[in-house]
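S.K.: Protein chains in written order, with the working numbering: chain A, 30 to 148; chain B, 30 to 148.
Read the hints as simulated data drawn from the structure, not as lab findings.
It is possible that some hints are incorrect.
Identical copies go unnamed one by one, so any copy, or any two together, can satisfy a pair.
The list that follows gives simulated cross-link-like pairs (lysine to aspartate or glutamate, EDC-like), each with its CA atoms no further than 20 Å apart [as the list claims (entries may be wrong)]: (1) 119 - 59; (2) 119 - 108; (3) 119 - 103; (4) 78 - 37.
For clarity, every value in this text was computed on a predicted model and none was experimentally measured.
Protein chains: 2
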Amino acid sequence: MNPSDRLDATFTALADPTRRAILARLALGETSVMELAKPFSMSQPAISKHLKVLERAGLISTAQDAQRRPRRIEARPLEEASDWLEEYRKFWEASYQRLDVLLDELKSQQPKKRVRTKR
Amino acid sequence: MNPSDRLDATFTALADPTRRAILARLALGETSVMELAKPFSMSQPAISKHLKVLERAGLISTAQDAQRRPRRIEARPLEEASDWLEEYRKFWEASYQRLDVLLDELKSQQPKKRVRTKR
Chain A
30 MNPSDRLDAT FTALADPTRR AILARLALGE TSVMELAKPF SMSQPAISKH
80 LKVLERAGLI STAQDAQRRP RRIEARPLEE ASDWLEEYRK FWEASYQRLD
130 VLLDELKSQQ PKKRVRTKR
Chain B
30 MNPSDRLDAT FTALADPTRR AILARLALGE TSVMELAKPF SMSQPAISKH
80 LKVLERAGLI STAQDAQRRP RRIEARPLEE ASDWLEEYRK FWEASYQRLD
130 VLLDELKSQQ PKKRVRTKR
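Could you build the full structure based on these sequences and the hints that come with them?
M.R.: Put into structure tokens, the structure is as follows:
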């Protein structure tokens, strides 16, 4: 896969709450498919389908234990996704600066009203 | 939208090379739909469909210019996605540490061979 295809696969894999929950569970340690399925009201085939999407993105692998075949997290693709997002940091930081300017303006226009900021 | 739905929408929006390219273009400044469509061999309706996915995720908005209706980037959802990924940083950093250990082992086992590391 080229870098763009890898980002497609990673972001697709992350665009689902069950798959994000599976990753959160695997962050605690290697887990068999049966154990992974437990907290979800989902059949094992449904979980296996989600695991395939995660596997395709390289986000999980199968540990060497012939019987249990536990899955484990592989976080490198998350790093690539994080690096991609990092390029846009200046934009979300700028949006907070714009909000600060706006709040300062509101404060100077209405000196008697309290402006509560939440951030 | 709750935070989980927002992450779904953001990651879905980012899981496509055209939509990522649109964001990269908008990072350079506000752009009309017609201008946005130019670099892509894609019809304006096809581009509009992508813009709707980005809009749904809150990643773009329409600037106040009745005629051109230029789109602009809204990066806050990218911050939420970045924060989510940040939780997994220790895992990709650990994977580099494991690689370093492995390379050290290889080096000590084969003192005469050169092991080239690439990172």
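S.K.: Of all the hints numbered above, which does this structure not satisfy? Sort the numbers upward.
M.R.: none
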